[in-house]
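S.K.: One letter stands for each residue in the lines below.
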Amino acid sequence: NAGVTQTPKFQVLKTGQSMTLQCAQDMNHEYMSWYRQDPGMGLRLIHYSVGAGITDQGEVPNGYNVSRSTTEDFPLRLLSAAPSQTSVYFCASGNLGGYTFGSGTRLTVV
Amino acid sequence: AQSVTQLGSHVSVSEGALVLLRCNYSSSVPPYLFWYVQYPNQGLQLLLKYTTGATLVKGINGFEAEFKKSETSFHLTKPSAHMSDAAEYFCAVSLGGSARQLTFGSGTQLTVLP
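Chains as they are written, first to last, in the working numbering: chain L, 1316 to 1425; chain D, 1135 to 1248.
Each hint should be verified, as a subset may be incorrect.
Claimed, not checked - Computed from the model, here is a short list of chain D residues facing chain L with C-beta under 8 Å:
| no. | residue |
| --- | --- |
| 1 | Pro1164 |
| 2 | Tyr1173 |
| 3 | Gly1177 |
| 4 | Lys1202 |
| 5 | Gly1239 |
| 6 | Thr1245 |
Calculated from the structure, these hints are not laboratory results. Owing to the predicted nature of the structure, the values given are computational and were not obtained by experimental measurement. From the three backbone atoms N, C-alpha and C, an ideal C-beta is built for every residue, glycine too.
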């Protein structure tokens, strides 16, 4: 089925560990983005990309890196995990007609 | 820059009653406006959107919203609530063009009482 695929669905990390959250879309969208969702705060934009090779920072970029080597993939890297990065992470792709979200990755940093 | 305010973090209605979820936005240019719904442990699903044209937009599951520029509002309504409508609802704004990133409100949890 067409859509946005995120892996893994759940992850527990120790403080200081690094990891990559994967995001792939098969709708040929140029625009992709990463959000984190925390209770009472809605979704906050971490990084976004308007096409392969182009990325930019969102509202809360510190502690995260992204790259966009292909149209389909937009991985999010946590360089040195901190407890403050415990959250649910959503990847989205789309255009002005609307955005499709993945099912999320629930990350716990202990 | 743009921002979104959702009035009421929790709203309860009886089954069959009117649903009204409030959203006000701030934008320096004509905005694109969205409502998303999130069911427990799931991603976000687009309910409806306003980009240009008709200010009353209809979405899925019987929801609709009206863009009111003078009031900078985009409230979500449904004439008759159903138990399956219980979820969290997010209003979002985009400036469009090259600034396509969405800015979300903090969300409204809708409870439907039997």
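S.K.: Hint by hint, say whether it matches the structure.
M.R.: Verification of the hints:
1. Pro1164: Violated. Min distance 12 Å.
2. Tyr1173: Where the cut-off is 8 Å and the nearest Cβ of chain L is about 11 Å from tyrosine 1173(D), the hint is violated.
3. Gly1177: holds, 4 Å
4. Lys1202: For lysine 1202(D), the interface hint is violated, since the closest Cβ of chain L sits about 21 Å away, which is over 8 Å.
5. Gly1239: It holds, given that the least Cβ distance between glycine 1239(D) and chain L is near 6 Å, below 8 Å.
6. Thr1245: Status violated, d = 16 Å.
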